[in-house]
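Student: As they're listed, the protein sequences go chains A and B.
Last residue of the first sequence? That's 240 in UniProt numbering, and every number before it is there in order.
Last residue of the second sequence? That's 240 in UniProt numbering, and every number before it is there in order.
Please note that the accuracy of each hint is not assured.
Identical chains share a label here; the pair holds if one copy fits it or two copies do between them.
Subject to a maximum C-alpha distance of 25 angstroms in a straight line, what follows is the list of computed DSS-like cross-link-like pairs (lysine-lysine) [unchecked claim]:
1. K151 - K63
2. K68 - K151
3. K125 - K96
4. K125 - K45
To be clear, the hints were calculated from the coordinates, so they are not data collected in a lab.
Just so it is clear, the structure is predicted and the values come from calculations on it, not from any experiment.
One-letter residues, chain by chain:
Protein chains: 2
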Amino acid sequence: MAYYDYKIAGPSPPPALSDRLRLYHVEMNPYGHRVMLILEAKRAKYEVYHLNPLKLPTWFRDKNPRLKIPVLEIPTEHGDRYLFESVIICDYLDEKYAANSLHSREPYVKAQDRLIVERFNELIKGSLECFDTNFAFGSEQIVQTLEILEKELAFRGTNYFSGSRPGMLDYMIWPWVERLYLLRCISEKKFEQKKALFPNFSDWGDQMQLDRVVKKLAHSPAEYFDYYKNASTHTMGYYI
Amino acid sequence: MAYYDYKIAGPSPPPALSDRLRLYHVEMNPYGHRVMLILEAKRAKYEVYHLNPLKLPTWFRDKNPRLKIPVLEIPTEHGDRYLFESVIICDYLDEKYAANSLHSREPYVKAQDRLIVERFNELIKGSLECFDTNFAFGSEQIVQTLEILEKELAFRGTNYFSGSRPGMLDYMIWPWVERLYLLRCISEKKFEQKKALFPNFSDWGDQMQLDRVVKKLAHSPAEYFDYYKNASTHTMGYYI
Chain A
1 MAYYDYKIAG PSPPPALSDR LRLYHVEMNP YGHRVMLILE AKRAKYEVYH
51 LNPLKLPTWF RDKNPRLKIP VLEIPTEHGD RYLFESVIIC DYLDEKYAAN
101 SLHSREPYVK AQDRLIVERF NELIKGSLEC FDTNFAFGSE QIVQTLEILE
151 KELAFRGTNY FSGSRPGMLD YMIWPWVERL YLLRCISEKK FEQKKALFPN
201 FSDWGDQMQL DRVVKKLAHS PAEYFDYYKN ASTHTMGYYI
Chain B
1 MAYYDYKIAG PSPPPALSDR LRLYHVEMNP YGHRVMLILE AKRAKYEVYH
51 LNPLKLPTWF RDKNPRLKIP VLEIPTEHGD RYLFESVIIC DYLDEKYAAN
101 SLHSREPYVK AQDRLIVERF NELIKGSLEC FDTNFAFGSE QIVQTLEILE
151 KELAFRGTNY FSGSRPGMLD YMIWPWVERL YLLRCISEKK FEQKKALFPN
201 FSDWGDQMQL DRVVKKLAHS PAEYFDYYKN ASTHTMGYYI
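Please put together the full structure from these sequences, using the hints given.
Tutor: Right, here's the structure in full:
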């Protein structure tokens with residue numbers, strides 16, 4: 001299902017890093033999707049190892065006792081190190097590859113964007129699990145989240161949250177929005193009705209889908225529908 | 001009880017900002033303490049308004065419907081704006097007053113420090129409420145937190161988490177550690193026994209207490225003891 005190159009994390013740890021970063025990722029995981037968007041936006045050199053969250057290798061458990069996923073492995077002067085938490089990993093990448101900054105260089109705007117991401121993180125907790133039992137339109141959590149984002153886009157009056165091109169805030173929320181399009185597979189009509197309630201946000205979503213970085217990592221609504229339909233046999237508990 | 005100058009937030013909103021920042025603070029609140037430490041470390045020009053969390057003025061509720069405390073009010077080109085979440089406020093201040101950076105300029109170290117603060121935030125949730133019912137030595141939460149910090153200091157081999165002087169991580173955890181010294185008021189002997197279990201951390205605490213910024217905002221163990229003894233009559237629910 002993945003269009004990017006990847007390796008499977010096996011019983012032996014991968015070799016030490018030399019010229020690239022390494023992402024440990026669970027396929028279809030939106031938090032790992034976040035990190036890949038930033039790696040691509042930064043044109044970083046990286047490789048992806050897929051993990052089966054139900055069969056995590058011992059070496060991975062040893063290096064990551066709290067079993068956080070995704071993990072970015074990076075070379076440091078003290079050897080390779082693990083970095084956790086998608087938002088912190090992405091901020092790290094934005095600072096490490098400082099050209100073409102994805103965060104605003106204006107501290108107040110950056111702080112506002114971080115607040116929106118934190119609020120978003122709170123609101124979406126468990127929102128994908130909604131897909132698990134039924135594909136309800138307009139679950140309260142999702143509507144509340146979309147209302148906040150619609151209002152914010154209208155207030156900013158820009159094509160993207162970050163201005164005239166996608167920035168950190170755009171990419172941080174995108175993985176969940178891309179998955180929302182799966183509702184098309186249930187009822188195109190209902191989907192369009194809901195979409196009309198959030199005109200700015202809908203335009204934003206349409207534009208995001210044309211972005212080079214977004215396109216490179218995109219899955220279709222049908223793929224997501226298929227995936228979440230069988231979610232109970234997957235690994236919902238690992239969306240961390 | 002406060003040694004700093006402050007005003008009381010009354011029924012009318014304070015005047016628009018001109019030459020300084022404004023912090024809305026609940027007295028003795030450790031999250032507000034965090035922000036004040038950074039304001040002082042940065043030698044920012046600011047004023048403090050005390051709020052009574054049980055009687056929040058209407059104008060404050062209107063501007064801050066989620067009732068977040070502390071709040072930093074800052075002048076922007078679009079007028080005065082509120083900024084929330086102690087960690088985000090402190091990171092904002094570190095970027096706005098960029099000279100004398102409190103975060104490491106090495107992105108990986110900064111990311112590690114942010115991870116430790118996030119872990120700390122999770123662990124301490126509700127830890128001060130322990131003081132509410134009994135002043136237990138070695139509640140599991142507190143011991144687990146101290147073990148992580150002790151190990152980290154030993155690993156770093158530096159006087160402060162941030163090296164040879166206090167930095168962002170040091171100040172982010174300090175308000176809770178300063179309050180921990182109130183255990184002295186219950187049993188000096190038990191306190192010293194516990195302290196001996198965390199030698200690096202104890203040395204760090206002793207040194208932090210000599211820091212200019214820490215000293216300026218410090219309360220004594222007796223003051224904290226007195227405060228938390230009566231905590232149920234205070235505003236424990238507002239430690240957000």
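Student: State for each hint whether it applies.
Tutor: Right, here's what the structure says about each hint:
1. K151 - K63: For K151 and K63, only the inter-copy Cα distance (16 angstroms) is at most 25 angstroms; the intra-copy one is 42 angstroms.
2. K68 - K151: Intra 33 angstroms, inter 20 angstroms, cutoff 25 angstroms: inter-copy only.
3. K125 - K96: Classified as neither: same-chain Cα gap 28 angstroms, cross-chain 31 angstroms, threshold 25 angstroms.
4. K125 - K45: Close neither inside one copy (30 angstroms) nor across copies (38 angstroms); limit 25 angstroms.
Of the numbered hints given earlier, the model fails hints 3 and 4; all others are met.
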